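Work the whole structure out from these sequences, hints included.
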Amino acid sequence: MTALTQSAPARNDRQFQFSWTDAGPFLALAVLLVVGFAVNPDFLSTTNLGNVITRSAYVAIIAVGATFVISSGGLDLSVGSMVAFIAGITIMFMNMMVPGLGLWAIPVGMAIALLAGLLCGLANGLIVTVGRIEPFIATLGTMGIFRALITYMTDGGTIPIDRSLREAYRPVYFGTLGGIPVPILISAVVALLGAFVLYKTKYGRKCAAVGANEDVARYSGISVIKTRTVAYVIQGACVAIAAVCYVPRLGAATPTTGQLWELQVITAVVIGGTALRGGKGRIWGTIAGAVILELIANLMVLSDFVSEYLVAAVQGVIIIIAMLVQRFSR
Amino acid sequence: MSIAARLEGDHAVAPVAGVPVGPAVLRAEGISKRYGTVTVLSDVTLDILPGEIHAIIGENGAGKSTFMRLLSGYVEPTEGTLSMAGGRVHFTKPDQAQAAGIALVHQEILLAEALTVTDNLFLGRELTRGGIVDDVRMRRVAAAKLAELGCEVSPTALVGAISLADRQLVQIARALLDEHKVVIFDEPTAVLTGEEVERLLAVIFELKARGIAVLYISHRLDEVQRLADKVTVLRDGKMVGTYPGHMLTQTEMARVMVGRELAALYPQRQAVRTDQPMLSVRNAVVPGFAQDVSFTVHKGEILGFAGMIGAGRTELFEGILGLRPGTAVIELNGSPIQIHSQREAVDAGIGYLTEDRKGKGLLLQERLGPNLTLSALASFHPGIILRRAREAEALTQAVADYDIRLKSLGVKAGQLSGGNQQKLLLAKVLLTNPSVVIIDEPTRGIDIANKAQIYSFIQDLVGQGKACIVISSEMQELIGICDRVLVMREGVISGEVWGETMTESNIALLATSERAHVAQGGTQ
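Heads up: the sequence lines are chains S and A, in that order.
First residue of the first sequence? That's 1 in the working numbering, and the numbers climb one at a time after it.
First residue of the second sequence? That's 1 in the working numbering, and the numbers climb one at a time after it.
Please keep in mind that the hints were generated in silico from the structure rather than gathered at the bench.
Keep in mind that this is a model prediction, so the values were computed, not measured.
Each residue gets a CB set at the ideal place from its N, CA and C atoms; glycine is no exception.
Be aware that one or more of the hints could be misleading.
Here are a few chain A residues that sit away from chain S, every Cβ distance over 10 Å (derived from the structure) [unchecked claim]: (1) Gly80; (2) His90; (3) Ala100; (4) Asp186; (5) Gln268; (6) Gln276; (7) Ala345; (8) Leu386.
Below, a list of computed lysine-lysine pairs in the BS3-like style, where the Cα atoms sit at most 30 Å apart [said to hold, decoys possible]: (9) Lys238/A with Lys412/A; (10) Lys412/A with Lys202/S; (11) Lys226/S with Lys358/A; (12) Lys202/S with Lys358/A; (13) Lys238/A with Lys200/S; (14) Lys407/A with Lys202/S; (15) Lys200/S with Lys412/A; (16) Lys200/S with Lys226/S.
Next comes the structure, spelled out in structure tokens:
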């Protein structure tokens, strides 16, 4: 029965409610760290953890964008191929501009990467919203397109970055700032921005509303098309940032760059507590999810219990457990 | 001594329950149901006799649905016993109740939209022949059952393609497929139109004649009065009493349900209507739903839109407000405006409360604050950053202003009762400060006390100089609150009534017949 407390002082219960879905990823992260330390004390060393988190940065950055897409009720399978495609475009432009611009080719190339990311995201978004095509199918299509384009651009081989740029570009992946690896800083900034937009702005509110119930959003005067398209554009920007950070690590774009990243990204988002059916986004959970994935892989390499060839299987188990927790903790 | 007076005493008319008229087909004794510390049903004792129509009435949350679900095996009682034909029964699953001869017709439509009518009727109990599904026979039986209910859909039609009313009839046919001893109807007429209701009532009388016991839950007290041999009233989970049906008037039923003197359901009319046009719509066309509709609503006026379900009322307004394709020439306060989307309608100062508050009105999984400000995001949160403190303040204000009853301000919209959800929806739309408020089915599925409040809020709106349009399938409601009623039939306005011509029979005639000769208009 509903009790009546109509004039009671505003008491916000939200802060006192404990949700396994919300706390889950962070608890899992803590458990992993403890288990890791028990297995191999080197696991908790700054060097090892730094390496793990640096490696997880790409997936984390892309997954921040995916948190927007998924919480607005969409899905993007094309992010892995998009990374490769944008990396390819970036390197091609940088190499082309080296003779004229010298080292300035790097920042200009980065700007071009960002532009390409925004355009790719916009394309995905418009196909889904204006074209009214299921996100799964639409981005399955663009996934194939981006992958084929990078294969075509590399002619099946690789596009290496110009030698003269290598040294100058290296710090974006290998450098540190105040002792912290640059990729970690970049992903932290992306996550902070993402959390701000999703939790503190009107756009974040619209994004969640569209994902929770498209009709309610429409009847409330919110443009579903605009809101969802912008989510895909944000996703494109995040992919571009990840690609720009990734280029110095490999020094080249190949047809296999970013392969299957979309699965890691979706896994990170889902184990982070974002509802796959939309309406609820968890940026910090997503970050925890990305780190968890990389930690598990690392742990399996450091320990001798399980073959590292089974990494994907363990990650698969994790995503299923995460979904079960979401299912039963409502 | 009047019945009402006696009812207010110690229920002098009550002692029908327990009087042995014949052997009860189903007997509930001392039934209680608790969830944790919350008691939703306490000590209900009831005899259900064969060939008797027994209505259960009560406000929302009185425990009616829980009781029905208990009888049909969806819920197990915490205390008390059920017995059938003298023997004790204990249902832990709906199948067991069905096997024992108790069928429940659900309030919600629970059908698979992608399957045909026949498939749905026989879902889980397909007729077979040598292990193979016998489609021909099932279709024949389905056709016969549907014809019995006066439902004209084809047995091979997809459920997703038939109307809401037909779906309800299919659901009823499904419950009546097997012979049952007890059939329980939970709000069966919520989505049916007048004619369909009549057919359903005829079916129920037919069941009664065949000696089947019928339990009937409805908010529509007029139906209860026509049908019920006995009326049992629940209030706050407790049994108030069982009364002989013919001895209670609707007003008395309402009074016993609420348990206190119910102020008049409809607010005192105040003459606030002016002749100043507020919203005028000319030649509105919504393809497939409305042709060439024109009307004007004035400052301070409550204008009603009556009609059968499917007359195109909701679609007309969705077309006007940019929620579906349509064209119209619109003037607001004398100046022409263009509306291409709901956003533009809100910005122009036209608020719309959808009839589908759960599906299109509120985010049920979201807390109340975000729901409240969702339509007013632009004006309520200037800039790009959310003003949470302002939102919390507005919520506290809305909860007080609209008497929204809740456990705490942190609950989600889905946790509110229907009436409180409707008040929240009203608060949400009014937060955009519209000058014209269009309310589609303002009181669908909500209890009497909340209805009365909603009516008084509507009255307050026009008192503040707004104009109000009320779309409703409940004629009494329109007559009770409107200054003037337009009747729609098949996408066109078939007539207009006000003053003394604003009667149920006139509205019904205009809503249904090809050429209605109704004295229209009247004196103010």
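> Looking at the structure, which of the earlier hints fail to hold?
Replying inline: When the structure is compared with the hints, numbers 7, 8, 13 turn out to be violated.
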